[in-house]
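Asker: Chains A and B, in that order, give the protein sequences.
Heads up: the first sequence begins at 96 in the numbering used here, then just goes up one per residue.
Heads up: the second sequence begins at 17 in the numbering used here, then just goes up one per residue.
Accuracy of the hints is not assured; some may be wrong.
[As the list claims (entries may be wrong)] As a list, the in silico BS3-like pairs of lysine-lysine whose alpha-carbon atoms are at most 27 Å apart:
(1) Lys177/A with Lys123/B
(2) Lys100/B with Lys23/B
(3) Lys184/A with Lys70/B
(4) Lys30/B with Lys184/A
(5) Lys183/A with Lys30/B
(6) Lys184/A with Lys37/B
(7) Lys74/B with Lys123/B
(8) Lys141/A with Lys37/B
(9) Lys203/B with Lys218/B
(10) Lys23/B with Lys183/A
(11) Lys30/B with Lys74/B
(12) Lys74/B with Lys183/A
(13) Lys23/B with Lys141/A
(14) Lys74/B with Lys103/A
[Claimed, not checked] Pairwise CB distance ranges (calculated):
(15) Leu120/B with Ile110/A: 44 to 50 Å
(16) Glu21/B with Ala135/A: 28 to 34 Å
(17) Asp56/B with Thr131/A: 20 to 26 Å
(18) Glu55/B with Asp114/A: 31 to 37 Å
Please keep in mind that the hints were generated in silico from the structure rather than gathered at the bench.
Built from N, CA and C at the ideal position, the CB exists for glycine as well.
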Amino acid sequence: MSPQYKPKVTLFYCINSIDKETLKLIHAKVSVELTTVEMACSSMTKDVYLLRAFESGADKVVVVACPETQCRYVQGSIRARKRVEYVKKILNEIGLDCGRLSMLNATARDKETVVKFFEDIGNYKLLKN
Amino acid sequence: MIVGEQKPIPEIMKTIEPYKKLLILGCGTCVKTCFAGGEDEVATLASALRLACKQQDKEIQIQEVTVERQCENEFIKEAANAVKENEAVLSLACGAGVQAIVRLFPKSPVLPGINTTFIGIQESHGVFIEECQGCGNCGLATFGGICPVTRCSKKLLNGPCGGSKDGKCEVSKDIDCAWQLIIDRLKTLGQLDNLKKYIPPKNWRTSISGGPRKLIREDHII
Chain A
96 MSPQYKPKVT
106 LFYCINSIDK
116 ETLKLIHAKV
126 SVELTTVEMA
136 CSSMTKDVYL
146 LRAFESGADK
156 VVVVACPETQ
166 CRYVQGSIRA
176 RKRVEYVKKI
186 LNEIGLDCGR
196 LSMLNATARD
206 KETVVKFFED
216 IGNYKLLKN
Chain B
17 MIVGEQKPIP
27 EIMKTIEPYK
37 KLLILGCGTC
47 VKTCFAGGED
57 EVATLASALR
67 LACKQQDKEI
77 QIQEVTVERQ
87 CENEFIKEAA
97 NAVKENEAVL
107 SLACGAGVQA
117 IVRLFPKSPV
127 LPGINTTFIG
137 IQESHGVFIE
147 ECQGCGNCGL
157 ATFGGICPVT
167 RCSKKLLNGP
177 CGGSKDGKCE
187 VSKDIDCAWQ
197 LIIDRLKTLG
207 QLDNLKKYIP
217 PKNWRTSISG
227 GPRKLIREDH
237 II
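Required output: the full structure, derived from the provided sequences and hints.
Answerer: Below, the structure is given as structure tokens:
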């Protein structure tokens, strides 16, 4: 990878875990080519959407969901986690590094944590974690 | 319903190796309910196979179609054009569905993408259990509606073996003792006298042991 290369990251996020302000901060501070998919709840994460993000050339796919005890639809974040785990298994089976798919639990208040997470991806620290 | 699970992707990759144009054909009935072969699973598998082929520098075109039922010609015919346009069909149906496609399209290679597992029910969301072995001679009326042929590990027909503990089978703590369930159920129904009936050794000729079975309904044949 050349030093100028910006990792392509697809972000699936629940609107209750990342607000517009956090998104702006990510765009402003992080050196990645970001594609975002907004969801009313992280439970809308589907296996095929995650895989298609990789098909579209994403280096990293990230799902950001509310903490499991704070999902306003009760089980949304748990469903998202289980689907992420299932897709990781598929990635392993097809010989893709499952570390290219990550999940982060955060609330709209956790701006710094979220931005730091993406900064680390931009610095290649989390590209395969 | 027929319960099945998708084959591992490396095994599927091996079977599709000779083909560059592949149809993944889903079934919208039983295997959809058990999350193995419906529209969503077809889409997920197609995406996974495209990624796997890309990893191996292999060219592949995948078409995705799901029909309502792969075991009935009326529904399979809807996929006729797609079958003809592709070099092979990867069927996400039970074994019956796969063979129904084979009968209708004798020149197309049809590959199974699912391991057909059993006839069962969805006990809770995502948990499927076997309830029937299709023995061809149903005795559920005697056993209070609980099948010892399927659910007793030893297939005992004349009462429990005596090895169960706390309602669980001695074979595994995860298996309910079918005879405990039968007795509890007969108690509830006030039919404990059923236990006094002697059940003679089962005639297995009506099961698969008697060879491939066929059912003919003359009244529906014109």
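Asker: Report the numbers of all earlier hints that the structure fails to satisfy, in ascending order.
Answerer: Structure breaks hint 1 only.
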